[in-house]
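On the provided structure of chain A, position chain B as indicated by the hints.
Residue numbers (our numbering), protein chains in the order written: chain A, 1 to 269; chain B, 1 to 259.
Incorrect hints may appear among the rest.
Computed from the model, here is a short list of chain A residues facing chain B with C-beta under 7 angstroms [to be verified]: (1) 52; (2) 53; (3) 72.
No lab work stands behind these hints: they were computed from the structure. All C-beta atoms, glycine included, are put in the ideal place defined by N, C-alpha and C.
Here is what each chain is made of, one letter per residue.
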Amino acid sequence: MSAIETAGLTKYYGAVRGIEDLTLTVEPGEVFGFLGPNGAGKTTTIRTLLDLLHPTRGSARILGLDSRRDSVAIRARLGNLPGDFGYGKRSSGREALALLARLRGLADLSRAEELARRFRADLDRPLGRLSRGNRQKVGLILAVFHRPDLLILDEPTSGLDPLMQEEFLALLREERARGCAVFLSSHELDEVERVCDRVGIVRGGRLIAVERIADLLEKTTEHRRVEVEFAEPVELGEVRRLPGVTGAEYVRPTLEQVFLTYYEEGGRE
Amino acid sequence: MSALVAAQLHERRRSLLAWGLPIGLWSAFVVAIYPSVEDALSKAIASYPEALKQAFGIAELASVEQYLNAEMLSLIVPLAVGYMAVRSVASALSGAAESGRLEVLLSAPVSRRRLVAAGFLAAALELAAVLAIGLAICLLGSLLSGAGLSFGLALAGYANVWPLALLFAAFGVLATGWSLRTSVVTGSVAGLLVAMYVADLIGRLDAGLDWVRYGSAFRYYGRAIEDGIDPLSFLGLLAVAVAVAALGALLFERRDLAA
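The shape of chain A in the complex, shown without the other chains:
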């Protein structure tokens, strides 16, 4: 049984196309990246899967159930983080958590508390007084605290600092190891590459490719560029004179890589 299985899923807003003929599957224990620029149809797809939007035609099965008819039963086993998480300015994360726990029939909030500590999320301050990143952390906790079988995440790391993005990716790996399927909509290609097993690329509302990450990269690189690390500093001229080499350049670490070295265990002072 697939976690998500859509067949010709189509949504039009009047005459405007949202998504068209979207057919894909996501398996349990798989992290599926859903890529595309703004307006490509990523959020429309997610809202149709969640039954917030009714499809114009086509169908979707979530965890073996019909996305429309069995929507309530599906949501008992699903976690969702909207792109720009909001809940009302005056409510705190703890109030939202208490309500969702009651609606899910859960009394034990220990996992939510543990996640709050891990992500350094403030559950007591009104959400209206939190930054976007800190609100997003609360939303993430609400999405995963009940150990769902399927996680649907729409741009989950927007607003998170690089450290929390790393923690988020670690959490996704743990969820995958638990058997949870993850549908991750993002245009952070670096994070998708690092955590996803397969990706679907959507353009103008249509799914134009579904590939394993490794296969996708294999197709495009053609093995003409190789990054080599030397034990000692080298002169580029020497490398360029090697047979078959047409060019060589120094590869600087990205700012993110440098930044992270300051926070790694035993990292530089």
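Below, chain B without anything else, positioned relative to chain A:
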């Protein structure tokens, strides 16, 4: 359901005092000044045209209950509480959609119908609480000023506002089936509230236009503070409110919940 209702009431806790206090204080003021203006009012009223007195329910102001009805319960309280009712359901539905709360709640195993029912029930409780606060302060004003307001009649007068206001909460639910913009929902139903009041007023001013009152909920509102509650009108308005809210829930279930 109870969790959703409790959460909605918690979210709207400030509005209980924000609406209940002014209504109560104003009512208390009206009651408190009655003994000192009683004679002057009777003379002034006697000079008013008969149709005008009929229209505004001020045929005579021989008691503090009649004065409270003319000043508060025939116009200000039903309009204010009716508007508050719309805001309450709009906050639970369209307001929640605008803030993102609706999407979070609908990530949990809750049906849309249950969500609407909880919003409507919370509005009903909020209305009852605001009217109870208003009544309590009004009675306190009467006690302190020695105006002699009858508890039973005052209770009937304020309780009678409840089904009328609830009907406008139901129209709010219905409007949410059409639009998820709070300004559209509150604006359209507030317009309907005023239109119904004006239609009722016109019908009472001109006997030839009495038929227009049949389309207005205010025709069935009456003067409970003077005559007691008419059970048929009270239950009739309540039944229509529930039916309109149910229709709104059906529309809400069928609509897309995003732009």
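We went through each hint and held it up to the structure:
Hint on residue 52 of chain A holds. Least Cβ distance to chain B is approximately 4 angstroms, under the 7 angstroms limit. For residue 53 of chain A, the interface hint holds, the least distance from its beta-carbon to any beta-carbon of chain B being 5 angstroms, beneath 7 angstroms. Hint status for residue 72 of chain A: holds, given a least beta-carbon distance of 5 angstroms to chain B, under 7 angstroms.
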